[in-house]
Amino acid sequence: MQFSVLVETRLRAGVADPEGATIERSLPALGFDGVSGVRVGKCFRFVVEADDEAAARAEVDDMCRRFLTNPVIEDATVTVDAGAAV
Amino acid sequence: MAAVVGVVVFPGTNCEHDVVEAVGAAGGEGRLLWHGDTSLGGVDAVVLPGGFAHGDYLRPGAIARFSPIMQAVGEHAAAGGPVVGICNGFQVLCEAGLLPGALQRNAGLKFLCRPAAVRVTAADTALTTGVEVGTELSIPLNHFEGNYTCEPDTLAELRADDRIVFRYVDNPNGSVDDIAGVCSPGRNVVGLMPHPERASHALLGSTDGLPLLRSLLVTAGALTA
Numbered sequence: 001m002q003f004s005v006l007v008e009t010r011l012r013a014g015v016a017d018p019e020g021a022t023i024e025r026s027l028p029a030l031g032f033d034g035v036s037g038v039r040v041g042k043c044f045r046f047v048v049e050a051d052d053e054a055a056a057r058a059e060v061d062d063m064c065r066r067f068l069t070n071p072v073i074e075d076a077t078v079t080v081d082a083g084a085a086v
Numbered sequence: 001m002a003a004v005v006g007v008v009v010f011p012g013t014n015c016e017h018d019v020v021e022a023v024g025a026a027g028g029e030g031r032l033l034w035h036g037d038t039s040l041g042g043v044d045a046v047v048l049p050g051g052f053a054h055g056d057y058l059r060p061g062a063i064a065r066f067s068p069i070m071q072a073v074g075e076h077a078a079a080g081g082p083v084v085g086i087c088n089g090f091q092v093l094c095e096a097g098l099l100p101g102a103l104q105r106n107a108g109l110k111f112l113c114r115p116a117a118v119r120v121t122a123a124d125t126a127l128t129t130g131v132e133v134g135t136e137l138s139i140p141l142n143h144f145e146g147n148y149t150c151e152p153d154t155l156a157e158l159r160a161d162d163r164i165v166f167r168y169v170d171n172p173n174g175s176v177d178d179i180a181g182v183c184s185p186g187r188n189v190v191g192l193m194p195h196p197e198r199a200s201h202a203l204l205g206s207t208d209g210l211p212l213l214r215s216l217l218v219t220a221g222a223l224t225a
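Going down the list, the protein sequences come from chains A and B. Throughout the first sequence, residue numbering follows my numbering, covering 1 to 86 in sequence. Throughout the second sequence, residue numbering follows my numbering, covering 1 to 225 in sequence.
Hints are computed from structural coordinates only; laboratory data are not their basis. Even glycine gets a Cβ: it sits at the ideal position worked out from N, Cα and C. Check each hint, because a few of them may be wrong.
[To be verified] What the simulated footprint calls covered on chain A by chain B, stretch by stretch (three residues with Cβ under 8 Å from a Cβ of chain B suffice, anywhere in the stretch; the number is not a length): (1) 22 to 36; (2) 68 to 74.
[Stated by the list, open to error] So the derived label-pair ranges between C-beta atoms look like this: (3) A:G83 <-> B:A78: 42 to 48 Å; (4) B:D153 <-> A:G37: 22 to 28 Å; (5) B:G24 <-> A:G14: 42 to 48 Å; (6) A:S36 <-> B:Y57: 29 to 35 Å; (7) B:T135 <-> A:R25: 35 to 41 Å; (8) B:K110 <-> A:R66: 28 to 34 Å; (9) A:D52 <-> B:P68: 30 to 36 Å; (10) B:G55 <-> A:D52: 33 to 39 Å; (11) B:G97 <-> A:P28: 40 to 46 Å; (12) A:A55 <-> B:P68: 34 to 40 Å; (13) B:A202 <-> A:G37: 49 to 55 Å; (14) B:G186 <-> A:E53: 41 to 47 Å.
[Said to hold, decoys possible] Some chain A residues well away from chain B (every beta-carbon gap over 12 Å; in silico): (15) Q2; (16) P18; (17) E19; (18) V40; (19) K42; (20) V48; (21) D52; (22) A55; (23) E59; (24) D61; (25) D62; (26) T79; (27) V80.
Please put together the full structure from these sequences, using the hints given.
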């Protein structure tokens, strides 16, 4: 089966995010007041072939741990959907 | 015979010739090594130089750690051989797990390209053998991702084992505990953000990097002796 995967990585809570902080400081200049907690990350979209959703998720979790994130400073949220998005 | 220092070239590395030149100025022989090779060709020490290995894609060092030569570099390090990562090379060593911690974007989001005052804070490492603790050096920085960070446990361990090799006198990038460079438990793997090879000739404005490179040659020689 094919599963479409979305991996979102970001700096872990507690790790300073200078890019997010700069964006947050800039927003009021454009009239966007009251925005807080800006965190900047990356997202990866891809399709994996696996027997079932649990297997797909296990593979993606491993991928995140060993490659897509640096676990020292980043963590990831994984979304897995059955059926490949075109 | 002069100690031979292998200088690894990844696609996107751009400081390899500077390192070879500086190693020569310090009395050794620098030899370029290609990242796709699987052997170090019998060199005495290894330097991972600065630049943008594999375009810094994903994260600096994240792809480079999978280059074929990295297995040989890891084996050299495990056998006690000196391995030094400068700037991007430091990032590669952290990603490869040969050094603890990680380097994230500079606090203030400024690309730093200027000399910095750096203090030697640990002796008897591959880069500081024969260099006195407390020595202050002026060495150029050239990085965007040099903000050293690690878990509190790791920091406590680095402090307890005297493995913080260099500290900034005025922290320019937000690094935890002013860290500019650290070493492995065996003290033979050292990573630092400043570029000692750019402080290796009077014409460059500083020769403060030479004692560090001489230390590397001394430890490299000790290994083959």
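Consistency of the hints with the structure:
no., hint, verdict
1, 22 to 36, "violated (count 1)"
2, 68 to 74, "holds (count 4)"
3, A:G83 <-> B:A78: 42 to 48 Å, "holds, 46 Å"
4, B:D153 <-> A:G37: 22 to 28 Å, "holds, 27 Å"
5, B:G24 <-> A:G14: 42 to 48 Å, "holds, 45 Å"
6, A:S36 <-> B:Y57: 29 to 35 Å, "holds, 31 Å"
7, B:T135 <-> A:R25: 35 to 41 Å, "holds, 39 Å"
8, B:K110 <-> A:R66: 28 to 34 Å, "holds, 31 Å"
9, A:D52 <-> B:P68: 30 to 36 Å, "holds, 35 Å"
10, B:G55 <-> A:D52: 33 to 39 Å, "holds, 36 Å"
11, B:G97 <-> A:P28: 40 to 46 Å, "holds, 42 Å"
12, A:A55 <-> B:P68: 34 to 40 Å, "violated, 30 Å"
13, B:A202 <-> A:G37: 49 to 55 Å, "holds, 51 Å"
14, B:G186 <-> A:E53: 41 to 47 Å, "holds, 44 Å"
15, Q2, "holds, 24 Å"
16, P18, "violated, 5 Å"
17, E19, "violated, 6 Å"
18, V40, "violated, 10 Å"
19, K42, "violated, 8 Å"
20, V48, "holds, 18 Å"
21, D52, "holds, 28 Å"
22, A55, "holds, 24 Å"
23, E59, "holds, 18 Å"
24, D61, "holds, 17 Å"
25, D62, "holds, 15 Å"
26, T79, "holds, 20 Å"
27, V80, "holds, 21 Å"
Hints 1, 12, 16, 17, 18, 19, counting from the list given before, are not met by this structure.
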